[in-house]
Each structure stands twice: as structure tokens, then as C-alpha cells.
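**Q** Sequence order for the protein chains is A and B. Just so you know, we're using our numbering here: the first sequence kicks off at 1 and counts up by one. Just so you know, we're using our numbering here: the second sequence kicks off at 1 and counts up by one.
The set of hints was computed from the structure by calculation and includes no laboratory data. Be careful, since some hints might not be right.
[Stated by the list, open to error] As a list, the in silico SDA-like pairs of lysine to any residue whose alpha-carbon atoms are at most 25 Å apart:
| # | chain 1 | residue 1 | chain 2 | residue 2 |
| --- | --- | --- | --- | --- |
| 1 | B | K7 | A | L599 |
| 2 | A | K177 | A | T474 |
| 3 | B | K7 | A | K255 |
| 4 | A | K255 | A | Q360 |
| 5 | A | K255 | B | I43 |
| 6 | B | K7 | A | E586 |
[Said to hold, decoys possible] Chain A is nowhere near these chain B residues, computed Cβ spacing over 10 Å in every case:
| # | residue |
| --- | --- |
| 7 | D4 |
| 8 | L8 |
| 9 | R15 |
| 10 | P47 |
If you're wondering where the values come from, they're calculated on a predicted model, not measured in any experiment. Every residue, glycine too, gets a C-beta built ideally from N, C-alpha and C.
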Amino acid sequence: MLGNRRMINPLLGVYYGIFTAGYIGLGVLLLILEYMGVIEGHISYAMTAVAFVLAGIIALAATTVTSDDFFTSGRRVPAGLNGLVILVVTFGGVGLSAVLATLFFLGIDGYGMMLGMLGGVMLSGVLAAAFIRKAGAYTLASFFEIRYNSRFAGVLAGLALLLPVALLALAELTLLKTVAPYVLGVSEDLALGAVVVTILVLLLPGGVRSMSWAQCALAIVVLLGLMLPLIIISLDLTNLPIAQMTYGSLIEDLKNFESVSGDATAQPVWSRLVAGAVQPVQLSYIGGERAFSGLELISMFMIFAAGVAGMPALLQRATVTFSVFEARKSFAWGAALIGLVILTLPAYAVFFRYMLFDPQLNLSASSLPDWAQQLTSLGLFQAVDGDGNGQLSPRELLFGRDAVLLGLPMIAGLNQTFQSMVFAGLIAAAVGGLIARVLGISQTIARNLNPKKGSLEADISGLRSMMLSRIIITLVALLIGGVAYQIEVDAFQLFIAAIIFSALTIFPALILSVWWRGMSVTGLLFLMPTGLCLGAGLLVLTEGGLALGPFGFGLFEMALAALLLVFLSGWLGSVIGPKPDRIDLETLTEIRTPGGEILYDRMLRLAMPRRGIGGGSR
Amino acid sequence: MEFDRFKLYWRVTSRLAVTVLFAVFLVIMAVLVNSEWLDGYHIFGFPLSVFIVGQVVVLGAIASMFWFIGAQDGVDNGFGANEEL
């Protein structure tokens, strides 16, 4: 298992080039057929179905019987492609939709969350990726097990990270439960069933390997879904195809449109956004009343950065790379691709607002246009003729959170093929994020929370270990699907809760474990429960971010203060508990040194002959 | 690597990481809070606030990330800390 490391497949770029060309070709074909009137109706289904059929084929082609492929994709995912996976894992469908909606409703204050996500990838790339790669553990919890030479540390970390990962998985499923039935034209139950089957098809054949290659394909679908429709809209509105560079020219006009359309009812924009309620556009994109104070903005930015940096699914991307340098490079590519999306999303928000506030829109309350009816059928739009004059002003149009991403091609009057590309992109982002969380939960249960075996013992028996993982993946997918079927919670609330828990438990534990020699298992024992309790307390106090907490502080301001307390608790536990021993410190020195053998591989190599289990996992 | 040399290596590595993150995060936070007073100015058709928050900061962060991996690789090479086995 540990020798014979195969080289990176030089044709990977070609394969994904073919995939991209094929997907665009399908779009062109559907456009032609749509113009000819040959097809209509559920083109969405065709685009989404083809994207997932191709991703499924890629996953099946990545079937493996070797455990280093199954658990780390053979540690040979190239940095650029790993960057694609990092993009889809960082945003997911919920993150993408939430960031865009925040920009749309909050204007320039929405940049805090968006830049926080970029900051999170930077934090993990600079402060953690290289060390996680050097440790080489198959799960983040196992990283703590190696760092402290303690199975207890692995169990503790495993328990702490299950909560945010499960919340993120549920958030993605909740989003899919809303969007997939519309796209597939089936009931919610059937759509959830289809999602669970998709998870199994993408994960069971090759574990991390099939997931990684499928996620690359899904990331391409996400990028095409975001970019292609926007090019057409940008050409229409600004005569130039690069929306990222042209939307700024509309902002001054937008400001004028917004100022003449009157004031909206003053409602708590952020609370309604978090609650998933439909609401009018109240705040100007720039200038005018702000949604957040400076402290709130900074807190939001910092907490999102810490929360994203602590995401186990993101951090685990470091372990699949060829070297420590490649791990860092992966995160740089991830940041670049996330940056591309961040340059793009404001264009969506500005274009949507521009078309909405354009005086020529002229909507009548008695006959709503197609786009309004389509969004209404998704539960994302309401028109309220408040003054009863029969005409709808922009402030009388109420939009749901996901309306911005899905609605822009509709309000712009684009062909259904473009609309379905956006739908396919959103679903691909959600599924791409979801499979990473499901695999993360399964691996943590299989190797860190397994009462009989620690992660090392689990991996010595390669084939049995993969079999166990496949069984647990199936059970976790079914369980999460079942929970998502039963509960009715808003996806954004779940997302925010996951970010809070991740920021308050995993991030500080990781930073102290790598960057402070004095950190001990006792420190970890103090830190993680403190983070979990403070996170839960804050969410209760602020009703999940819907209300202000004590002394008028918001969720993110209090979370920033709580983050400092969590760091302090880790320090306190380490100071009053037993000091790290010599082996702990030597392990840390090895983790901090990029060169040399991967720690986990060495532990496995040394353990195999001693246990008398030859042959490894191949 | 000898421990004394490792200590020096770690000091340089820490300083590099902290410098990059501190610079990027400080700029992002400063711009987020103070964007309002830039609204009156325009560049390439963008209000300066949107241009800086939505374009300059993002591209700067990406550039600094790539610069960091190059610089860190230089440090690793300089200290002989990156020999793969």
C-alpha cells in the first residue's frame, strides 16, 4: 500500500476538457432544438441528468480495491483539480445560494460573508494544509490522534466535528429537497430518494477517489452554470461579455433607480434572510442605510473565515495531494477559483437588481409575467400590491433567498436551456458538498468512533476496512436522507449553525495543535466541549441568528468573543494539565517539517509486519 | 534537520504565514468597514468602494496566496526541509 505510488495521470486534463466540451455541446444542442421548437418543458431534467450521469460514470470508472486509493485517492490529485474540489466543498449549494442572497438583499454589507469564505480557504491553506498533509491521516479526527499520540484525542475530535459536518449535510439535503422536485418534476420524497442513490453511486465505487473525480466534474458544471448565462445577460445589458468587469458600470444607474422607487417597509433584513422568508429589496446596493455596523461586519468576516477554515471536508483535501507543496498549491488554486466565483456573484446581484428596479419593468398585479409565475411555483416570489393601484413597484415584489440565482435567467428572459444550466449548477454544488460531508461522517465513525479498533488498526486490514467504510457510507446516506425527510428546518440556519460550531471547536483546536507546542490533550479536552457549549448557547440566545443576543450584540459579534474564550480554554487546560511529553513534541516537530515520510503511512508500515498481517491492502 | 536549525526554520515559517494573513485580513477588514466614504469616487465605471471590496481585495488575496506558496517553498528549500522520502 505504501510503496509503488503511482504518478499523476497526465491525461486528466484532457478527460475533463472532453467533459467540459461535451457539457457545453449538449447545451448548444438543446438550445438549437429549443429554437426549433422540437423540445420544451423539462430541459432542466436533461441538463441535470446528463451532468450526474457523466459524474456517475466518472465515479464508477474510479472504482478501486486499494485502500490508499479509497481513503486518499492515492495521494495523487493534481493541485488544479483539487482546487476545483475545494471550490465545490467550500461553497456547496447552500453557501453559494446564501452568499448570493446576502449580496442581493444587503448590498455591499454582503461582502463580509463572501470574503469570509475566501479568507477561510486562505487560513486553512496557510495555517493547516501542509501539516495535515504531512500527518497524512485519513480523517481530521485521526490527525488529532496522530498529533497527540492518543486515541482519546481522536475520539474527542471525532465527536466534536460530527456536529458541524452533519449540519452541513442536512443543509445541503434541505436545499435539494426544495429545488430538486422542481427540476426533476417529481415529488419531494422521490427527489430525496434520487439524491440518496446519487450519493451512493458517487461514493461507494472508490471512496475518496471516486468522490474527488466526480466532484471535479460537478465543479465544472457549477462554474459553467454560473458563467455562461451571465455572459449572455452581460452582453445584453452592457454590450460586453465579461460580467465580472462590467457590472460596475450599472451601479450608478441602479442607485438612481433605487432612489426613485421610494422607501420600503423597514423590516429586519438579515433576520428575514436567515429565516428564509420572502422579502422586498429594502437596502440600497451602495450608500444609504447599512445592515451591519463595522464591528458586526468584521465579526461576520472573521467567524466565516474561521468556520470555513475548520471545515473537515475542506481540510481533508490536503491529504490527497502528492506532496506538501502540492497541498499548499491546491489551496491557492482553490482560493483562485473561489475568487473567480466571488468576482462573479456581485454581477448576479447587480444585474438582478438593475432589471428589477428598471422603470421599464412596469408590472401589473393582475397579470404576472412568466418569470414571476415560475418563481412563485418554487415558493420564491410573492407580489403584494400594497397601495392597491394595480401596478407593482419594485418594493412590492418579495423574493425568497434562492430566487436570485435561479431567477436571474428567468427575469432576463433567457432560454430554458440557460435556466436549466443554472439549476444544474446549483444542484451540482449541493451534491458536491453533500457527498464530501457524508464521506467525512462515515470515515469518522468507521475509524475514530469505532469502539473495537482505532484508525491504525482499522487500516491494517485494507479490504475489510474498505468494506466497513462502504457499509457505513450506505447507512449514513440513508440516515441523513431519512432525517432530512422528517425535519423542516431552513437550510441557511443549518449552514450558519455549522459555521459557528466549526469556528468554535475545530478551528481553534487545529490552530493550537499545530502552532503551539504547549498544547496538550487536556487542552483539547477543555477546548472542544467549551466550543460546543458556547456555540450551542449562542445559537439558543440568538434563536439561530434570527434575533439579537444580550446587550444588543448579534450572533457573529458574540461568536467572535466566544472564539477568544475557546482559545483561552485550550490554553488553560494545557497549562493546568500534564505537559506534552517528549514523543508528543517530536511528533509535532515532524508534522511541522514538510520533508520526510508521511507520518500515518510510516505508522502503518511499521504496524503491519508486527501484527503479522502481510500483503497490505492491495 | 538539527533542532536549532529547525527552530530557526520554524521562526521564519511562522513569520511568513503571519505576515501574509495579517496583511490580507487587515486590508479586507479595513476596506469592509470604511467602504462608504469611497462611494463618491469611480474607477473603470465602478464605485471605488465596490471596486476595492469586490475586485482589488479578491485579486490581491489570490495573488498573496500564490506568492506565499512560492516564498514558503523557497524557505523549505533554503533550510533543506522539503526532502521527500
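**Q** Next step is simple, just say for each hint if it's right about the structure.
**A** These are the hints, each one checked on the structure:
1. B:K7 with A:L599: The given pair, whose Cα atoms are some 20 Å apart, holds under the 25 Å limit.
2. A:K177 with A:T474: Measuring from Cα to Cα gives roughly 19 Å; hence the hint holds.
3. B:K7 with A:K255: Cα-Cα ~55 Å, so violated.
4. A:K255 with A:Q360: holds (16 Å)
5. A:K255 with B:I43: holds (16 Å)
6. B:K7 with A:E586: The given pair, whose Cα atoms are some 13 Å apart, holds under the 25 Å limit.
7. D4: holds (12 Å)
8. L8: holds (13 Å)
9. R15: holds (12 Å)
10. P47: violated (6 Å)
Hint check: violations occur at hints 3, 10; the rest are consistent with the structure.
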